[in-house]
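Throw the hints in and build the complete structure from the sequences for me.
Residue numbers (our numbering), protein chains in the order written: chain A, 18 to 288; chain B, 18 to 288; chain C, 66 to 377; chain D, 66 to 377.
Since the hints were made in silico from the structure, they are not lab data.
Small disclaimer: the values here were computed from a predicted structure and weren't measured.
For glycine and all other residues, C-beta sits at the position ideal for the given N, C-alpha and C.
Treat each hint with caution, since some may be false.
To be verified - With a cut-off of at most 27 angstroms between alpha-carbon atoms, the simulated BS3-like pairs for lysine-lysine come out as follows:
#1 D/Lys373 - A/Lys94
#2 A/Lys230 - D/Lys373
#3 C/Lys179 - C/Lys244
#4 B/Lys94 - C/Lys373
To be verified - Now the stretches of chain C that chain D is said to cover, found in silico as 3 or more residues with beta-carbon under 8 angstroms:
#5 122-134
#6 258-264
#7 269-277
#8 285-294
#9 308-320
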Amino acid sequence: MPPIDIAARVIANARLSSDYSVLSLAAPEVGARTLPGQFVMIKPEGVTDPLLRRPFSVFEVLRNAQGAIIGVSILNKRAGPSTRRLYDLEVGDVVLCLGPLGQPFKTVASPAKAWMVAGGVGLAPFATLAESLAAGKTDTTLFYGARTGDELFYLDFFERLGVTLVLTTENGARGTKGRVTIPLEAGLKTLGTGDTAMVYACGPEPMLEAVAKLAARYHQPSQVSVERVMGCGLGGCYSCVVPVRHGGENANLVRSCLSGPVFDGAELVWE
Amino acid sequence: MPPIDIAARVIANARLSSDYSVLSLAAPEVGARTLPGQFVMIKPEGVTDPLLRRPFSVFEVLRNAQGAIIGVSILNKRAGPSTRRLYDLEVGDVVLCLGPLGQPFKTVASPAKAWMVAGGVGLAPFATLAESLAAGKTDTTLFYGARTGDELFYLDFFERLGVTLVLTTENGARGTKGRVTIPLEAGLKTLGTGDTAMVYACGPEPMLEAVAKLAARYHQPSQVSVERVMGCGLGGCYSCVVPVRHGGENANLVRSCLSGPVFDGAELVWE
Amino acid sequence: MTPDLAVSIGSLKLPNPLIAASGCFGYGLEYDQVVDLSLLGGVVSKGLFMTERQGHPPPRIVETPAGMINAIGLQGIGVHRFVKEKLPLLRERGARTFVNVCGTTLDEYVEVCKVLSDAEGVAAIELNISCPNIKEGGIQFGCSLNGTFDVVSAVRKATTLPLIPKLTPNVTDVASFAKAAEDAGADAVSLVNTFLALAIDVETRRPKISNVLGGLSGPAIRPIAVRMVWECYQLVKIPVIGMGGITDARDVLEFILAGSTAVQIGTQNFVDPFVWSKVLDGLKDYMTRHNVARLSDLIGAFDPTPPKATHP
Amino acid sequence: MTPDLAVSIGSLKLPNPLIAASGCFGYGLEYDQVVDLSLLGGVVSKGLFMTERQGHPPPRIVETPAGMINAIGLQGIGVHRFVKEKLPLLRERGARTFVNVCGTTLDEYVEVCKVLSDAEGVAAIELNISCPNIKEGGIQFGCSLNGTFDVVSAVRKATTLPLIPKLTPNVTDVASFAKAAEDAGADAVSLVNTFLALAIDVETRRPKISNVLGGLSGPAIRPIAVRMVWECYQLVKIPVIGMGGITDARDVLEFILAGSTAVQIGTQNFVDPFVWSKVLDGLKDYMTRHNVARLSDLIGAFDPTPPKATHP
Ligand SMILES: Cc1cc2nc3c(=O)[nH]c(=O)nc-3n(C[C@H](O)[C@H](O)[C@H](O)COP(=O)(O)OP(=O)(O)OC[C@H]3O[C@@H](n4cnc5c(N)ncnc54)[C@H](O)[C@@H]3O)c2cc1C
Ligand SMILES: Cc1cc2nc3c(=O)[nH]c(=O)nc-3n(C[C@H](O)[C@H](O)[C@H](O)COP(=O)(O)OP(=O)(O)OC[C@H]3O[C@@H](n4cnc5c(N)ncnc54)[C@H](O)[C@@H]3O)c2cc1C
Ligand SMILES: Cc1cc2nc3c(=O)[nH]c(=O)nc-3n(C[C@H](O)[C@H](O)[C@H](O)COP(=O)(O)O)c2cc1C
Ligand SMILES: Cc1cc2nc3c(=O)[nH]c(=O)nc-3n(C[C@H](O)[C@H](O)[C@H](O)COP(=O)(O)O)c2cc1C
Ligand code: FES
Ligand code: FES
Numbered sequence: 018m019p020p021i022d023i024a025a026r027v028i029a030n031a032r033l034s035s036d037y038s039v040l041s042l043a044a045p046e047v048g049a050r051t052l053p054g055q056f057v058m059i060k061p062e063g064v065t066d067p068l069l070r071r072p073f074s075v076f077e078v079l080r081n082a083q084g085a086i087i088g089v090s091i092l093n094k095r096a097g098p099s100t101r102r103l104y105d106l107e108v109g110d111v112v113l114c115l116g117p118l119g120q121p122f123k124t125v126a127s128p129a130k131a132w133m134v135a136g137g138v139g140l141a142p143f144a145t146l147a148e149s150l151a152a153g154k155t156d157t158t159l160f161y162g163a164r165t166g167d168e169l170f171y172l173d174f175f176e177r178l179g180v181t182l183v184l185t186t187e188n189g190a191r192g193t194k195g196r197v198t199i200p201l202e203a204g205l206k207t208l209g210t211g212d213t214a215m216v217y218a219c220g221p222e223p224m225l226e227a228v229a230k231l232a233a234r235y236h237q238p239s240q241v242s243v244e245r246v247m248g249c250g251l252g253g254c255y256s257c258v259v260p261v262r263h264g265g266e267n268a269n270l271v272r273s274c275l276s277g278p279v280f281d282g283a284e285l286v287w288e
Numbered sequence: 018m019p020p021i022d023i024a025a026r027v028i029a030n031a032r033l034s035s036d037y038s039v040l041s042l043a044a045p046e047v048g049a050r051t052l053p054g055q056f057v058m059i060k061p062e063g064v065t066d067p068l069l070r071r072p073f074s075v076f077e078v079l080r081n082a083q084g085a086i087i088g089v090s091i092l093n094k095r096a097g098p099s100t101r102r103l104y105d106l107e108v109g110d111v112v113l114c115l116g117p118l119g120q121p122f123k124t125v126a127s128p129a130k131a132w133m134v135a136g137g138v139g140l141a142p143f144a145t146l147a148e149s150l151a152a153g154k155t156d157t158t159l160f161y162g163a164r165t166g167d168e169l170f171y172l173d174f175f176e177r178l179g180v181t182l183v184l185t186t187e188n189g190a191r192g193t194k195g196r197v198t199i200p201l202e203a204g205l206k207t208l209g210t211g212d213t214a215m216v217y218a219c220g221p222e223p224m225l226e227a228v229a230k231l232a233a234r235y236h237q238p239s240q241v242s243v244e245r246v247m248g249c250g251l252g253g254c255y256s257c258v259v260p261v262r263h264g265g266e267n268a269n270l271v272r273s274c275l276s277g278p279v280f281d282g283a284e285l286v287w288e
Numbered sequence: 066m067t068p069d070l071a072v073s074i075g076s077l078k079l080p081n082p083l084i085a086a087s088g089c090f091g092y093g094l095e096y097d098q099v100v101d102l103s104l105l106g107g108v109v110s111k112g113l114f115m116t117e118r119q120g121h122p123p124p125r126i127v128e129t130p131a132g133m134i135n136a137i138g139l140q141g142i143g144v145h146r147f148v149k150e151k152l153p154l155l156r157e158r159g160a161r162t163f164v165n166v167c168g169t170t171l172d173e174y175v176e177v178c179k180v181l182s183d184a185e186g187v188a189a190i191e192l193n194i195s196c197p198n199i200k201e202g203g204i205q206f207g208c209s210l211n212g213t214f215d216v217v218s219a220v221r222k223a224t225t226l227p228l229i230p231k232l233t234p235n236v237t238d239v240a241s242f243a244k245a246a247e248d249a250g251a252d253a254v255s256l257v258n259t260f261l262a263l264a265i266d267v268e269t270r271r272p273k274i275s276n277v278l279g280g281l282s283g284p285a286i287r288p289i290a291v292r293m294v295w296e297c298y299q300l301v302k303i304p305v306i307g308m309g310g311i312t313d314a315r316d317v318l319e320f321i322l323a324g325s326t327a328v329q330i331g332t333q334n335f336v337d338p339f340v341w342s343k344v345l346d347g348l349k350d351y352m353t354r355h356n357v358a359r360l361s362d363l364i365g366a367f368d369p370t371p372p373k374a375t376h377p
Numbered sequence: 066m067t068p069d070l071a072v073s074i075g076s077l078k079l080p081n082p083l084i085a086a087s088g089c090f091g092y093g094l095e096y097d098q099v100v101d102l103s104l105l106g107g108v109v110s111k112g113l114f115m116t117e118r119q120g121h122p123p124p125r126i127v128e129t130p131a132g133m134i135n136a137i138g139l140q141g142i143g144v145h146r147f148v149k150e151k152l153p154l155l156r157e158r159g160a161r162t163f164v165n166v167c168g169t170t171l172d173e174y175v176e177v178c179k180v181l182s183d184a185e186g187v188a189a190i191e192l193n194i195s196c197p198n199i200k201e202g203g204i205q206f207g208c209s210l211n212g213t214f215d216v217v218s219a220v221r222k223a224t225t226l227p228l229i230p231k232l233t234p235n236v237t238d239v240a241s242f243a244k245a246a247e248d249a250g251a252d253a254v255s256l257v258n259t260f261l262a263l264a265i266d267v268e269t270r271r272p273k274i275s276n277v278l279g280g281l282s283g284p285a286i287r288p289i290a291v292r293m294v295w296e297c298y299q300l301v302k303i304p305v306i307g308m309g310g311i312t313d314a315r316d317v318l319e320f321i322l323a324g325s326t327a328v329q330i331g332t333q334n335f336v337d338p339f340v341w342s343k344v345l346d347g348l349k350d351y352m353t354r355h356n357v358a359r360l361s362d363l364i365g366a367f368d369p370t371p372p373k374a375t376h377p
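Here it is, written out as structure tokens:
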């Protein structure tokens, strides 16, 4: 279905910490079309500075008590002017929300396992993916690393879905101390021949690179969601390119808004 | 006292109609310094579009129950992007408020009378002037013209001060039908030789011109508050000039933010 | 009476003056899902050379006050793949396709135009002699009057398609370049391409985009672009296609009053891909309010009489 | 260790690089009540001719996206009244006064400079050969390399005061103008003056300001101005004074990294007359964070190595 642009009212803006908020938008038409891993281009209405929209993974597809889709939420982390403004929005404010955009994650089915690897705000695309995997009864694990214990969010949500949680924090306050790739590698080592774990990753680029390379080393497939500066989200501007190599070809710069943001980890060329 | 710039919280924003609001700002230092007829340069904090501040007459100097000055208000009329934004502000929003600026009205004392002539939003500088005149027990009349009866504001306020009200509306819904200059001229005709009425005027330029010329024709002094596009309000940009003639000299373009906005009606050259 | 939005660029009739600017609309087909391409006056393709190009490494864009800087570096599929893969689909959609032609040499410009002349479904050629983001060719022609004359003349001999050189604003007197293009046989000129610009990350002391310099577009440049359009309109007889920072119908009208026969919308596509229908509605509304039957009556209708100092 | 903000323009030492731009700060004294003039690096006067001028009729300014257009038309009191009425007061305040000198002819430029050379308390002359808002003189010199060379040479012979031609951005290659100024004996160059621009009121079809055309300033132009400063810095050896859209310390640093020895702040004065102390604090903060002892070490310290495509 084609993306649409909704002038969406803010339903809620739950501040999870001084940096993170979950911004819920009344955009049922966007929610109804969204597949896990897709993103929206967002901008508060009436704001001309910053000029451009900003890309955000759809975090949740929101439903009312009757189960009808009423909108989407994003997991917003303050990084600069736009994310700061989104953090400050109040119920009733209006946000332009264009989407859904981009290629979604491909789900897997048993006996393959699904291992989601999230770094910080990279958790965002995994809530909808976990729901989709849970619906398919796939054995799912979330490797989730954050700076501090306070920045591990929505753990209940994933537990309720039956997702196994493997947590790490940089300061060791919660879960294992250190990078999320440490337990991931430990997990990969336990896989027997013939076992398949589809490794999904979203987070800082060095993490993505490490995860994709680990998966490859242990002969597991991976799907990584990359972040590039995006001017349009629709393939119009060519700002968002990443180098991708299919088979033995030379690397090509492809638009991550159209061909991504989710790519086969084995095909991305790390810069 | 030098003007100061306050990041002032909005204390209240009373919408008087779909176009007019009274925006009250917590800027005690500005209030304490303001003389009737002076103005402030205003801009919502954090807004870069529009870039420049906008000039507004100080409408009221606000006091708390104990009589201490707590801020100023402006009578805001929606005309374009900035005034629209000010109209939409809510309690707690922050507005940059620089002032007071410009030359105030000169008050008069009995036996001279004070006749204030206001057109529409031109009412703004007369609330503080009326208070000042009332304090001096000057016999004061407000000739106040508006488009409709619904746009005649703060009549109680002026009545409480003992100001005589002469109202006109364009549609005749309230007061005399037609221009405010009609009752003004009628009034001027009743003055005896030796009587003095200082005619104060603020409103649309054609009204100002008509009032100044009427006053001159009936040999009465006038002080008019003019409106020009103002870039800075401080004399820095030379955008706000008006032609003024002292005595027999050639007209000079003088900065209305420094030498005005209040000018001797007899010295302004009408364009 | 429905307002008549049609305009003509030489022999080329457009149902309305709104054209998607080069590099801001992919090859047009990317927007197929959100815009009915046949409703636009026209669509300009991304800049095309003879062969494929990878462009500059990212980051390729950065925002600035009321604008953005880009240095995409003309990543593109080359004219042959364009003719084969994109043109037939664009024709199917009913798009009026303008092709933005680049070259590193005069010969390359001519060759690309020849390929396009032999293809079906090209409405016009926009000759890009103004891209600030590549070193060779392009801007070198666009910054010299002789260079402009020479490349337009050479291409003129190679094609009968409507020929529209796109001018750079990074010159002292843009109107003289419009004149050189006219003298060399251009059917129209389009302007402005982007302004050469630099943004520095003061924390790292490095440029914000990989190419160091890039081109500034968006609302920030509009007042300069409108001035340049007016200058060209006064000097040349061929139609002027104006652009630079258009966001709404009022901006479009500003360019048309200043002398634009048609306009292009670039950066605003990124902000709002649905801009087209909003602008069309805005134009119709203006024409109704002002009792203008034909939009073309407004071309150059700017009246430079000074306004009054006082407000109503 | 307190950060050292001092910079030198030839023999002229400034306690910090922040100078109030011409035309945006009256004659300096207007701001006496809100800013301690002695704390600024310097203050540039409004443009001055030999005699008084009334300037253009209002409206003289209009806002545009992230900017404003002005055509004040150099209303001013003339150099004689300036020397008599303003200069003594500026000296009393401890201001370092730069005088922006205009002329309709080469001779007028020379005469005004002679008057200033004989006066006491002039720190430097900023030669305005770039005002886009008056027809005669000025910009005619500033848009021709020979004109620039000639006027700077002529004035050079008439004064030993630091001589700083102010360049227009409305040219193809601003650095060549900086070079012409250097060759003619200038001690520094300042840039940019405003960009020639036009805004049309589409309801009335008239210009928004009385002079029709005006000069665009403010944040909108900053990325172009920074680029031009960098170009000049690479070509000439004399100091470059950069300006165009500066609003905060970060913007100042961008200009300094690009090669500005000092900077001027214009339009932002209107937005925030208290900008000066905020910027000074911001500079000190940056220097502390980055362990920079002398601000002058940052001049031209821009490193054009491309940044990474990925975010941290
Ligand atoms: C497909 C995709 C999905 C994303 N999903 C989320 C999400 O769910 N939650 C979330 O908080 N953020 C997400 N991001 C990142 C988010 O878009 C940026 O944080 C945001 O654009 C920063 O804007 P700003 O104005 O606040 O800061 P800016 O000043 O624009 O940038 C601040 C920092 O963010 C980087 N940045 C700027 N633009 C982008 C961009 N388009 N993509 C990535 N980094 C950028 C800058 O390099 C800088 O380091 C996503 C990005 C992409 C491409
Ligand atoms: C000394 C002074 C005191 C004023 N006091 C008040 C007041 O108490 N209440 C009030 O509502 N308005 C007052 N104004 C007018 C007010 O400043 C303008 O309405 C406002 O600047 C319009 O800004 P905008 O962005 O909403 O609209 P814009 O789009 O900027 O302008 C809309 C209309 O207002 C006119 N305008 C723009 N700027 C100014 C300006 N600086 N001065 C006058 N007209 C302008 C424009 O020409 C246009 O017709 C005063 C103006 C001056 C000079
Ligand atoms: C991302 C981007 C890519 C561009 N690519 C091209 C191009 O390939 N060829 C060209 O002639 N102009 C190109 N331009 C310039 C635009 O076509 C247009 O001239 C300019 O952006 C001004 O219009 P705007 O302000 O509406 O964007 C590009 C502009 C942007 C923003
Ligand atoms: C209202 C106004 C008046 C100006 N007058 C002059 C002038 O008299 N002489 C001059 O050299 N530059 C003049 N300028 C240009 C500024 O000094 C400065 O070069 C330009 O505005 C860019 O800086 P900014 O973006 O910080 O304003 C004027 C600018 C403005 C906005
Ligand atoms: S964001 Fe514009 S092409 Fe991908
Ligand atoms: S408003 Fe700037 S001089 Fe009066």
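>> Three residues or more, CB to CB closer than 8 angstroms: is that satisfied between the segment 285-294 of chain C and chain D?
In response: holds (count 7)
> When you check the alpha-carbon spacing of C/Lys179 and C/Lys244, does it fall within 27 angstroms?
Replying inline: Measuring from Cα to Cα gives roughly 24 angstroms; hence the hint holds.
> Taking only the CA atoms, is the gap from A/Lys230 to D/Lys373 under or equal to 27 angstroms?
Replying inline: holds (20 angstroms)
> the segment 258-264 of chain C covered by chain D? Criterion: 3 or more residues, Cβ-Cβ distance below 8 angstroms.
Replying inline: holds (count 5)
> Checking C-beta pairs, does the segment 269-277 of chain C have three or more residues closer than 8 angstroms to chain D?
Replying inline: With 9 residues close enough to chain D, the hint holds.
> With a cut-off of 8 angstroms between beta carbons, are at least three residues of the segment 308-320 of chain C near chain D?
Replying inline: holds (count 4)
> If you look at each residue in the segment 122-134 of chain C, do at least three have a Cβ nearer than 8 angstroms to any Cβ of chain D?
Replying inline: Held - the segment 122-134 of chain C has 8 residues with a Cβ nearer than 8 angstroms to chain D, which meets the minimum of three.
> Is it true that the CA of D/Lys373 sits at most 27 angstroms from the CA of A/Lys94?
Replying inline: holds (21 angstroms)
> When you check the alpha-carbon spacing of B/Lys94 and C/Lys373, does it fall within 27 angstroms?
Replying inline: It holds: about 21 angstroms lies between the C-alpha atoms, which stays within 27 angstroms.
The structure shown violates none of the earlier numbered hints.
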